Every structure is written in C-alpha cells, then in structure tokens.
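Q: Residue strings, one per chain:
Protein chains: 4
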Amino acid sequence: MEHAGDERIPVAVLGATGSVGQRFVQLLATHPWFRVAELVASDRSAGKAYAEATDWRLDATMPDSAAQLAVKEYSGSLDSPVVFSALPGEVAEEIEQRMAREGRALFTNTSRHRMEPDVPLLIPEVNPDHVRVLDRQRQSRGWSGFIVANPNCSAIHLNLALKPLQQTFGLEAVFVATLQAVSGAGYPGVPSLDIIDNVVPFIPSEEEKMAEETLKLLGGYDGGFQDAEIAMSAHCNRVPVRDGHTECVSVRLARPADPDEVIDAFESFRGRPQELGLPSAPPQPVIVRHELNRPQPVLDRDAAAGMASVVGRVRPCPLLGTKFVVLGHNTIRGAAGASILNAELFRVEGLLPV
Amino acid sequence: MEHAGDERIPVAVLGATGSVGQRFVQLLATHPWFRVAELVASDRSAGKAYAEATDWRLDATMPDSAAQLAVKEYSGSLDSPVVFSALPGEVAEEIEQRMAREGRALFTNTSRHRMEPDVPLLIPEVNPDHVRVLDRQRQSRGWSGFIVANPNCSAIHLNLALKPLQQTFGLEAVFVATLQAVSGAGYPGVPSLDIIDNVVPFIPSEEEKMAEETLKLLGGYDGGFQDAEIAMSAHCNRVPVRDGHTECVSVRLARPADPDEVIDAFESFRGRPQELGLPSAPPQPVIVRHELNRPQPVLDRDAAAGMASVVGRVRPCPLLGTKFVVLGHNTIRGAAGASILNAELFRVEGLLPV
Amino acid sequence: MEHAGDERIPVAVLGATGSVGQRFVQLLATHPWFRVAELVASDRSAGKAYAEATDWRLDATMPDSAAQLAVKEYSGSLDSPVVFSALPGEVAEEIEQRMAREGRALFTNTSRHRMEPDVPLLIPEVNPDHVRVLDRQRQSRGWSGFIVANPNCSAIHLNLALKPLQQTFGLEAVFVATLQAVSGAGYPGVPSLDIIDNVVPFIPSEEEKMAEETLKLLGGYDGGFQDAEIAMSAHCNRVPVRDGHTECVSVRLARPADPDEVIDAFESFRGRPQELGLPSAPPQPVIVRHELNRPQPVLDRDAAAGMASVVGRVRPCPLLGTKFVVLGHNTIRGAAGASILNAELFRVEGLLPV
Amino acid sequence: MEHAGDERIPVAVLGATGSVGQRFVQLLATHPWFRVAELVASDRSAGKAYAEATDWRLDATMPDSAAQLAVKEYSGSLDSPVVFSALPGEVAEEIEQRMAREGRALFTNTSRHRMEPDVPLLIPEVNPDHVRVLDRQRQSRGWSGFIVANPNCSAIHLNLALKPLQQTFGLEAVFVATLQAVSGAGYPGVPSLDIIDNVVPFIPSEEEKMAEETLKLLGGYDGGFQDAEIAMSAHCNRVPVRDGHTECVSVRLARPADPDEVIDAFESFRGRPQELGLPSAPPQPVIVRHELNRPQPVLDRDAAAGMASVVGRVRPCPLLGTKFVVLGHNTIRGAAGASILNAELFRVEGLLPV
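Residue numbers (the working numbering), protein chains in the order written: chain A, 1 to 354; chain L, 1 to 354; chain Y, 1 to 354; chain D, 1 to 354.
Hints are computed from structural coordinates only; laboratory data are not their basis. Model, not experiment: these values are computed from the prediction. Note that CB positions come from ideal geometry on N, CA and C, so glycine has one too. There's no promise every hint is true.
[What the hints assert, rightly or not] Computed far set for chain Y versus chain A, every beta-carbon distance over 12 Å:
no. : residue
1   : 47
2   : 49
3   : 81
4   : 95
5   : 97
6   : 117
7   : 139
8   : 140
9   : 142
10  : 170
11  : 215
12  : 258
13  : 267
14  : 274
15  : 316
16  : 354
[Stated by the list, open to error] Incomplete in silico selection of chain L near chain D, CB under 8 Å:
no. : residue
17  : 59
18  : 196
19  : 197
20  : 298
21  : 299
22  : 302
Produce the complete structure using the sequences and hints provided.
A: Below, the structure is given as structure tokens:
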C-alpha cells in the first residue's frame, strides 16, 4: 500500500492478530488520514505474513493492503509515529509505556492505563477537555510521546447516552443492566458450551470498570480529574449475540424531564467530532429509534457504520424517573473505532507528533 | 389412564395442546393426587387423539396416558372437578368463569383474572393467606366453584426471592432487569429471525405485569387486597434461551443487611408447601449458588425439578444496597408447576370440591 | 426518488413487505437501471406507507426512497412495465399470470411457475439459452408480457457450482446435504423453539425442488426442455443460522478429475453476466476458498455483495469421486438478487417491454 | 461414597475434569455395579477436591459422592481394577498402556488405540465377537490387563443404524453428512464466535475416523480384523447445538429394500446388551420416529437416557436406494456411556480382573 504520493500518516497496530486488532486493520484500510504501515503481534506470529498469522473472524474481508505485511514482534523497533494498541492486558504496561517514551502517540484500547491520574480516558463527544492532562503526563513521566486511552466497550455507549442527559438536566444516579456480545471477550473468548441456549450473569471486573470509568468520563478536569458525583450500579451479563452490547438504563436527573425532553436531548446532542467533521464521526452520536421494540443488535449495531449509539424505549421509570435502552457496536465504536476517533481529534488539534 | 382402583382426582387441562398445556400434561402424568382425565383445546384439535392434535415441543416424551385421549372442545361439558387452564388470553374470560360457575376449582395460568379484587394471585410460599378472598369471590360472583390464579412467569421467581427479604428485613424498592427465555412466549411464539444472534428489549405488557403483580403478591389481605408499598421498576428483555428466565435484581431493604445475612435469609426460607410436604414443593424454595458466575439457565433451570428459584451473586449495590441474580424455570415453576402447587395446597387445606 | 431526469425503468415489487420483498427493495434502492415505483402487498398493508406496513428485518436500513411509498393492493392496476414477484405461493398463480397477460415482464422468485414447460427457470450464468422458450410461452398463453422464474435458493448455489463441472468434465451423479438458514422460510417462518440448540432435518418439498430444478437447469432446450441425465439425491436440513445456505456436495464426473482441476474449473468459470458486465453480476460467480474450514456463513455469505457462490474443501470422494462444500446467500443471490440479475440480462438482450 | 457393604467394583476415571470425564462421573454415580473410587486429572487439578478442580458443564448436578474426592495425578498409582479413560489425545498412549500393563481393565474413549490391530473397537450391539482379539493383545503386548476402545461419537450412532441393515440386507455403500454438536469438541472447545449464527463445515480428522472405524466395526474377526467391504464417504459439519449429533445417511443395500422393510429392520434389532439386560442398555438400540420432521436434537437426544440411536425419515434415495436420518447423544451413548456399556458386557462375560 505504501506508494509514492501516499501522504497518509503511517500507523502501527499492536496486538494486530486479535479480534480488536483485526477491527483496527479493517477500519484503517480505507482511512483518509492514516495508513497501516506496521502490524505487531506476539512472537508466535512474528515474521509471518499477516494473512497467514491471523485467524480472521470479521465478516468483512481482510484488506489486501494488510494481508501481505510481515508481522513484527513486540520487542522490535517501529517507524510509525502513531500507534494503536489492542494488546492483551498482561503485556500492555511495558510495551505501551515504551511507545510513549520513544515519542509516539499511543492510542490504547486496553484497560491498563485508563484510570491513571495523568492519562486521559477520552470520548471526543463526552470529555474532549480531558486532553489537557497530557502536559502533566509528559512532565511527570518524562515522555516525549503520550498515552491516550479509550473506555471499556460498555462504558463508551453508556456514556454517549449519559452525556447529553448530564449536560441538559444534570445527572444524579444511574442504574444499568447489560446484555453483552461475545466478541467483547475476544477470540477464542467465550466457549460455545457456555453460551448456546444460555446467559452468563457475570463478566470479570466489568461492573467495576463501568462504574469507575463513568465517574471519570463525566467528571471534570481542573489540573486533576474530579469524579462526577453520580450514584451508580451495574449488572453485567453475557448473552449469545456476536456483536452489539444492549444496556437497560434507569437514571435520576437533577431536573426531572419527560420522555419527549429526554429524546430531544439525545437527538440534538453533538460534540467536537461532529463540529470538526472528523472522518469516523457519526453525523449524530446518539440516534433515537421510535419503534416499541428497538434497538436490537442485528438491526442497529451497524448504525452510522458502527460508530453511533442507538437509544430506544425512552419512558418514565417509577424508581429513578427516566429509563431507556442503549445499544452500540462493541468492537467498532466500543473499541477500535473509539481509538481511531481519538487519533483523528488529535490530528485536527495538532497534537500528533507528525 | 383411568382404571379401576385409580383413586386420584380427575382433572381437565384447558389449552392442552399449547406449550404451557403440554407442561401440565407432562408434570401431571406421574402426579400422586391428580390424574389427567380430560384434555380440552380449540375446535381445530377437538376430536383428535392428543398425540395427533399436538406438536409436542418438550424434551421429555409425551406421556402414553395422554397420547390417546380424545381432545375435547371448549364448548362441551366436562366431568372433572378440578381444572387447570393454559388458555389463550382472548378466550380465557368466558371459559374460566363458566368453569367456576359450574362448581369446579379452576387454577389458571392466564393473566385475565390475576388482578381482579376477588381472585387470589397465589404463590403458596409467598401469600397463602390470600386464599381467604375466596369467600368474597363466591359471594360476589355467585359461583359454587372458584378461580385461583398464579402470577406471570417472571413475577413468580422474582417474588420467591423477594419474600424472604421482605419478611426478614422489610422491602422498600426493587429494580429488576430480565433476560427471558423464548418459551415464555408460547409456540410458535418468537420467530427465529427475531432472536438468533439478537436480543429484543421489549415484551408487551411484561414490565407492567411484573410491577402490579409484585405489589399484590407482597401486599396484605384484610377483607381486601392492600398493595405493598414498594417502589418498583422493571426492564424486560427476550434472549436466545429456550427455557429459564434470568433476572438481575437490586433492592433497598428497610433494614440494611450485608450479603451474608441476605444469603442466610434466602437459604433459611421455607413456606407452607415445605411445611406440608406438598408433592411438587421444592425442599428449599430459594437455592443459593456460591460460584461467581451462577445461576445460568442451562445449569440451574432444572434445580429441584424446575420448581425452585436459584439465586447467586448476592453483593452490595451502590445504589439500593443489595443486588443479586435470580433464575428459574419459566414453564415449570413459572407456569404449569405453579398452578399444580396451588391445587396441591388446596387439596391439603380441604378446599377442593371433591 | 422519482424526479425529473430519472431515466431508470420503473418497477413494481409484489409481496413487498415480506422478507424476500424487503430484499428486493433494499437491492433495488441504488440500482442503476431500475427504480422502485410501486410496492404491492396484501390488503392488510394496502394504503399504508411502506415504512408503516413493514416489519423490516434486514440489517441494512430501509431505503428512504421506499419508506414513504404508499403500498398498493394486489387487485389494483399497476403502471410499471417490469415486475418482481415475492408473492406467497397460494396467490402467485393468478396475480403473476395477470401481470404477463397485461404485457409486463414478470420476474418471479416464487415456485409456482418454475417447472412449467414454457417458463424459463433461469440462472444467467447457467442456462441463458433457456430464454428461447419465451416465444413458445407467448404463443401458447397468448400473453403480450411473460413470466421468467428463478430457482429455489438452495438450487441456485448448487447449480452455480455444478455448471462449471458439467461443462468441463461432464456430470453423472450428485449427492447433496444442506444446512439451510432460517431466513429461507421467510418471516415469521421458523419458530425459535424449533431451532435454538436444534436442527430440523426436514424442509417441506425442498428435496424434491432441488432435484427437479437441477435437472431442468442443467438440461438442454431444443424447442422443449430436456432434463439433464443426472442421478441426484438431496438431504435438506434447517440450522440456527440467519442467512447463508451451506451445502455438502459429492459428484461423479463423466471424466474423473483431481481436486486441482476441479478448483481450476470453478475459478475460471464465467458466464453471460460477467461477459456483459451486468451491474449485479459478481466478477467471479464461483469463488474458491483455500482454508481448511471455509466456507462459513458468517464469513462468506456476503462475498461479492451476496451474489457469488463460495466453494471450499474440494477433495476426493471415496464414493463418487469428488466432494466439496458450497455456500451462498439465500435471500440475495438465492432469491431477490437472482430475479434482478435475470431482469438485467433481459434489458441488455433487449427483451424488456420498454 | 465407599462404605461398608458397598460391594460395587471400584473404578477410576482418567481425565475426570474434562467434559467426557464429567459424563463418566455423572453416569456412574448411580451405577449398580461400579463405584467411582478414583478421579484422575492433570497436575493442575491434582490434590484439589473434584468440586473445586472442575468447571462442571452438565445440566445434571455434580454427584455429592464425587464432589469431595481428592483428584489424583496421572503419575500416581491407582487401586481400581477397572479404569475409564477420557484422556486428552497427547497423553493417552503412555498412561493407557501403563494401566493395561499394571493389570487393569482399561475402557477408553480416546482415539489413540482405536485402530490398533490387537485392540477391540467395541459396540456391544454391533461387534461383540471382536473381544476375541484380547488374547492376541495380551500375548503380543505382554500385558496382564487390557485396553478396549469405543468408537468416535459420530461413528457409534452411524454404526448402530448400519448394523441392522448390514445383517438384514447386506451393505455396499454409505454416504453420510453430519451436523455435530459443540460438546463433541470438549471444553472450552469451539469458541462461540465460530458458531453463533454459523456452521463450520470441517472437523479435523473426523471424516477419516468415521470411515476407517466403520470398516473395522462392521468387519469380521478371524484371528485378525478384516475390514468390511463398504464404499464410504463422510462430510462432517459443526453446528450450533449443545448435544446430539444428527447424521444424514444414504445407503446402498446388497438386497434392495423398501422403507417399511428398513424400518422393520431397525425396530426389530436387538444385540447382546439387550439379551443380557445390561444396566445401561437401551431396551431398543435403534428407535424409529415416524413424524416427518424427526429426529431432532432437543427432542430426541435423551431417548432411552441418551443410550439409543433415533432414526427417522426413512425413504428411498434416488442415488443409493435408501436414505434416512440418525441422531444420538454424543457424550452419553457417543462417549462415556459407550465405555460403560463395554465394561458392563465384560463383567457379565467374566472378563474383568475382579
């Protein structure tokens, strides 16, 4: 793919053979600003062509431009100034920090650095001002590059729905019960014997992540992060769905609102990516479906190419005041697409080291 | 199969060819006190042998004793003094009331009469005292027989779990999000295109039923029903599971309790059916699983032959105080088995017209 | 959509609200030659806007151009010279024949007329010469228009794979066992209780259709259709897959061939649609996957926008000589897309009444 | 639960924590002749209580008698004279041979020794005379104990159906296409992303095993095994079903027979286990269902407690003469139950070292 005249920024993908890594490769294949130049994976894959090293599990075909790239090993040196990480948790710390130390812009989907006090946990529509922490990050770490994290797949769609409510009405309490797709656990991930004709009402650490990430995302930044003051409880479940997390949400708003006002807040919501016209930005971050039985994974997960959150069933909650359902694609807007949108914001803001 | 010396009480099943009707037939086949004498279904089936009229969908084999019974029509007269109803909603009113008028004991699984002010909505472990309303029913209606209803499949398992909490700690608020099996919608019920690789976050009238039935079930009876004073909100979802409803529950107790106390309340709970040793009574109405990832439909729906509710993941809820998961078989304890247990209670209490 | 300067041919879709009808609407929305001008459905839908009358079940969004069209009734008169039919079997005969009598080109996906001796059963890559029967059809029926049928969804993909073998090696015997998607049965179609955690080894009339249609498709036309002399046996199964029929095929070739020769015959196969560059024609009608475990529905059903057949596992068969697996999208190339490709061929050949 | 007066033969289960190992434990829990005395698994599990070491995946509850047994390691010494093996392939050879060398009766479900010329591959209804090879095995190997294998899960049900045809009509050719359950691949086995809304038309080595095992099973023994002279071809597929393999079969009989004769051959078939009344023997090894759409996994896999093969759709095959569908439980009769039935036969025949 590299060829004379391709002015796109070369990027590397860490953990490129895994399921989120594959999404990065697929979404970047036709990206107007970024070009996949380096694919990095574990020693077992290193040296092989990407097509050979990868058990491709997406319904879209593997891009030709990636298929013949030789997979690099984690310990080697990279040329790309921008790096996307889909590393397994256990190796993320050392490698991601090395990338930042070497001066690269590291956009990570892994959980390792999300809650660090000097790392922005970023959804461009929700908390774009959090990028201000990067000065502190560079200072305290002594890095020439940086690390930017995106949230957990369930937290992203929840917070895309919560943000317009917070900014319009104020937000005091959130109850959420999730029905999460198996692709959220990677590949091989969930064994089929655990999920055919079944539900698993437990996902390790997920309920904790959803709560703590939400408080950071909806909180302020004033030289340091200040958690939002929201009471929050999550129940997380795995269901026999390939892609698309469904979340049942009840909220207590500071200023009570009827369903029509809530719907209007969702539909009129726009953020920095929409103002800037970023290439991966959905025209409308939160789409509202008005049918009684929507959103549904098979019908709504690909809305706006998988980059929007789809809300439905907005109605009064006898307990907290308002309830609704939100659904989104967990490996596009919930993972790889989230990192890419973060990188797009950084490019436009002039924050990339290129 | 009726034969000389079979002293069991002859019973009729209304709506016998449908999926709950099949459960009645299966569960009654080996019952020590009741004998299936009459199977009643729509005109389309009337006159045929049950085996021929029925598209049998249970994994247990159709009982030989039922297979050759000729299906009767709704408009005909019946001999059985005890009748179980799994009628479709639209015809339930007229037929069920006729049965009671004719002096029969009618135990119904349909929703038509559940919320009537003179009909007991009965779970023998939860509100056995509600049978006292029958005097009023007979009086006001002028019937020689009576109608007793059992709750909706989701409400039964929720209330089996709530009752021990209410009586031990007091109960102020309930949040529940359900993941319900497709058998809850009968047969043909949910089209496969609606549910393979999918979730439907809506079940018509289900959230309303769960709320209103819970308030009646946990409320008192003092010449009239008094709704329990509990704030309640339900989110109901359909998932690709054959049998077994999973419910994520958060509760605010009047007296806060730690998880160990709550577990103890569940495990020590016993009701009238257990005291009386009713044949279909589970030894322990609420079973607690201590594994991190239980209960699960495939592993737990058949606990105590499908007659128990299985609880797990008892833990603190940041919002309401306590949260847990409850799961139960929706067509056994959640439907046909519930009616049968009601009839067993009535027999022991001497309330049957035989 | 209709607007000054839109020179595309107006077309009507019969049975537009059903699942194949929806595919027609979706595939035609961006068609370069045809424009959906009329949507026709049962009385229950007539008069409503298409968006309101339709329970849309495709993952692609309903096209705006169709959403606001008022649904017409079957008995009304139509303006479009070209008509696509996805009618239910019971009403197809009368309505389809009326269309042809009125001078329209009727391309049908229903089975009613497929085996008529004066109706071409057409796959443009397989038997384009069969259109010659239309002279006879017009003569014998006295119609100014005509009826052209496409085969059953399983037969189309089977025959796309068999044709290159027949023309390269000669074909004597075919054994096929299918694993068919639920969308093949329409909507509501297969009840979820019949297919979750299950397989149904029977599809009414399917085995007969596959056999008789194959003999017509691979047979000659010489003033009349001559069945191909092929011994054939089919086993048809329904599996819990949304879209994409998988077929295990063993064949006895007239001239035995090793797998490499067979693969070469598949890969080099091209037909009239490829020569003519028809808009819906896949560049290569039969794609061969070389991985050990392909084709698979989720990975391969959308190959060439759902218009190709995907073959894999070409290997020796101890019994018949050669075996392989073929997979294809059953509602795109297997239904709506097949009719559209037929209409495209007719336009280029100058056979449309416009 | 060893206790004074328990006269049952103590047995060991190798690979006890895996999914077939769990089936052994479940099926043996209430066995009249055998008592689970030792559970053996990999070092990772050794020393732990079985309940703690095992991720129990069966819908039946773990037997109390097994839950508290301490898991032993492979390298330790055993007391039990009878051993059931569900070992992973890679370690089976050394351990199983050691068991036989030490004088134990080793009944194995693993594939390692199945095709050895001195090991009986045994289905008691099909080839009970093959046990005669044990003299040769002891002689050539110098073992005081012995190894007896049971076939692959798909081959067992296929051969239970083929045997009555072979002995009644003679059997010349077999075509089979399977739809196999995920439990056949063990746990974790098939990843859910590979099988939700999908089919995988490939199972490593399965087609080869089905062919070679069938020829051995249906062949004679005359001092050495003689392969049956049957032309055979298999297509093997994985489908989203938990338990129960479905197989579409076409056969060429030496003496052509109409469906009624074939059905009669199936229904009248009895073998040594039925003559001897072995405790795990199904009353009728091959059950015929007469409904058009049977057998189906959810409805038929548990027939005769999972020990029978269920046949349906017996009809003419245009290619080979006769076709039908056979279905059976793959981890009961297809694995653990098969080994147990073999051991029961050995006990009655006086061949156990006890």
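Q: State for each hint whether it applies.
A: Now the hints, each set against the structure:
1. 47: holds (20 Å)
2. 49: The assertion about residue 49 of chain Y holds, with a minimum of 14 Å to chain A.
3. 81: holds (34 Å)
4. 95: It holds; residue 95 of chain Y is separated from chain A by about 30 Å at its closest Cβ, greater than 12 Å.
5. 97: holds (36 Å)
6. 117: Given that every Cβ of chain A is farther than 12 Å from that of residue 117 of chain Y, nearest at about 42 Å, it holds.
7. 139: The claim stands: residue 139 of chain Y keeps its Cβ more than 12 Å from every Cβ of chain A (closest is about 48 Å).
8. 140: Answer for residue 140 of chain Y: holds, closest chain A Cβ roughly 46 Å.
9. 142: holds (46 Å)
10. 170: Holds: least Cβ distance 34 Å, greater than 12 Å.
11. 215: holds (35 Å)
12. 258: Residue 258 of chain Y is indeed farther than 12 Å from all Cβ atoms of chain A, at 25 Å.
13. 267: At roughly 17 Å from the nearest Cβ of chain A, residue 267 of chain Y sits farther out than 12 Å, so the non-interface label holds.
14. 274: The claim stands: residue 274 of chain Y keeps its Cβ more than 12 Å from every Cβ of chain A (closest is about 20 Å).
15. 316: holds (26 Å)
16. 354: Non-interface label on residue 354 of chain Y holds, nearest chain A Cβ at 36 Å vs cutoff 12 Å.
17. 59: Holds, because the Cβ-Cβ distance from residue 59 of chain L to chain D comes to roughly 6 Å (cut-off 8 Å).
18. 196: Because about 6 Å separates residue 196 of chain L from the closest Cβ in chain D, which is inside the 8 Å limit, the hint holds.
19. 197: Result: holds, 4 Å to nearest chain D Cβ.
20. 298: holds (6 Å)
21. 299: Nearest chain D Cβ about 6 Å off; hint holds.
22. 302: Hint holds; residue 302 of chain L Cβ to chain D Cβ min 6 Å, cut 8 Å.
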